[in-house]
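J.: Each chain is listed here by its residues.
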Amino acid sequence: MSEPATLELREQFATPEQQRETASIGMWVFLITEVMLFGGLFTAFTVYRLSHPMAFDAGSAHMEFLLGGINTAVLICSSYTMALAIHSAATGKEQRVVLFLLATMVIGAVFLGIKFTEYYLHFQDHKAPALWFDYSGPQAPYVQMFFVFYFLMTGLHALHMTVGIGILSVLLFRTLLGSFSAEYYTPLELGGLYWHFIDIVWVFLYAIFYIPGLHVR
Amino acid sequence: MTGVNFIATIHRMRAPGLTWFRLPIFIWSMYATSLIFVLATPVLAITLLMIAVERIAQVGIFDPALGGDPVLFQHMFWFYSHPAVYIMVLPAMAVVSEIIPAFARKPLFGYKAVAFSSMGIAVLGFLVWGHHMFVAGTSIYSAMAFSLLSYFVAIPSAIKVFNWTATIYKGSVSWDTPMLYAIGFVGLFTIGGMTGLFLAALGLDVHVTDTYFVIAHFHYIMVGGTVMAYLGGVHYWWPKISGRMYPEGIAKLSALTVFLGFNLTFFPQFVLGYLGMPRRYAAYPEEFQMLNVLSTAGASILGFGYVMPLFYLLWSWKYGKEAEPNPWRATGLEWKTPSPPPKHNFEVTPTVNYRPYDYEAMREELGLVRTSHS
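Top line first, the protein sequences correspond to chains A and B. Read in this note's numbering, the first sequence has 88 at position 88, and its numbers run on one by one without any break. Read in this note's numbering, the second sequence has 225 at position 225, and its numbers run on one by one without any break.
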């Protein structure tokens, strides 16, 4: 084994504590920009949902409610394993960090798998705007708009998931190299913050896209 | 990303002893600017993404032909684009707040008021976007609310103008180029700000919407205000950036040229707009010719004024007189290190145990104070 990992103190910082706090506040501010990014979509969705409630409910009735529910549970599990990974890092159990990071990545990939299965089913159902969209009921343009927002928002979320898995793989690689220790695991913490953030976004997406259609079925 | 960087740095990486109220106003303004970066820019990004999806996939989001709502696009666009003008003008105010104390040899009047007014502008800037949409079919009640909130922006702006003026009052003012630009900023920004109030008034706005009045107002803030301040800032920190002094005589001449050319270009446009000349048209009726010719002449002078610094600054980069660490005898940490600063800025991280803009202490340091008076 190599010698235990120590902190890489960059030259602009005076103390390890200062470096950790600065990195942490930077991550939180970045997450605020992400909130504003998704917030724009949520706002637009809300505006159209309020002006066309029937059409949006009709669109929501076509959601794969069961698959979406399973996916929500899957993603919450991944948040749990991510938290376990950080806890293991804080207590200096590096092998467990590797294990839990791998678990988080696998669960994240399962989420994406289920998500793309849903996309495929929507496509077969002819509910893919711009590619193949058939809807014969009333207010068809607004039902299509529901699906536009559905694909846009869950697609952007899936993109964030993919980036998240990329970040986790870098963190996994650095853990294997022995870059982290109980004294220094800030990158793991920050990666965890990002991961939890995209999980929370999904919970809101599930609430606005899947649940309203239940009473229309 | 820049906003994230600035905010994290300002919160966590201040020099020892540099408390929030010892920060230069420049930093306060950049902090306010960064907040706007962080909160407004992502909304523009997502709006552009929606537009791109709409155009590429031919699906309805904002296009009324496809069932979308174009007014929603306007809301989302202006939610970014109004704060965006504060992104431009707040750093300009920051520069002016540094230059005026340095050349009036006095501490900035009302430091805390100026600092908080920057934050006030950042916050209020998010609440006024609707004033761009008075004629876009929004409800009269939302228009009234946005009109009132737009008036509120005048409060922090006026606080700044009054405090700059009070700083100059009874100062020992030297008229170097940065000061000329800064004074120009204060005057032109005041005109721009006042005409902004005209535009925030619903009745008048409907009259002058999409006329040259709006063009003139916008340019008094953005060019007469912001660009003047940036030019002042370039001259003020030029010795620090390049390690050389710029030629003072021709620089003063260019500052005056810019000021005169600017006013000649844009002041006639206020009159044109009020008389009803719409913007975005090249042709105009005969009675507007005189004012349009004046404006064109002014633009030529303004252009000449802008080209001059380009040449003499480049020239001075190579041939200018070598600058000392603190040519303006200014306070502020950047003047306590050589010009241009070495890679690590300071040999030892400095400790700050004094107030900002402490020009009285500076006078004693320079031996300019009569110590023996009874």
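Read the hints as simulated data drawn from the structure, not as lab findings. Fair warning: this is a prediction, and the values are worked out from it, not measured in the lab. Take the hints with a grain of salt, since some may be wrong.
To give an idea of the chain A side of the interface with chain B (calculated C-beta under 10 Å), a few residues [stated by the list, open to error]: (1) S24; (2) S51; (3) Q144; (4) H196.
Sample of chain A residues lacking proximity to chain B, with all beta carbon distances greater than 10 Å (derived) [to be verified]: (5) G39; (6) P53; (7) Y142; (8) T162; (9) F197.
No residue lacks a Cβ here, since even glycine has one placed at the ideal position from N, Cα and C.
J.: Determine which of the earlier numbered hints do not hold for this structure and return their numbers in increasing order.
T.: The structure breaks hints 4, 5, 7; every other hint is satisfied.
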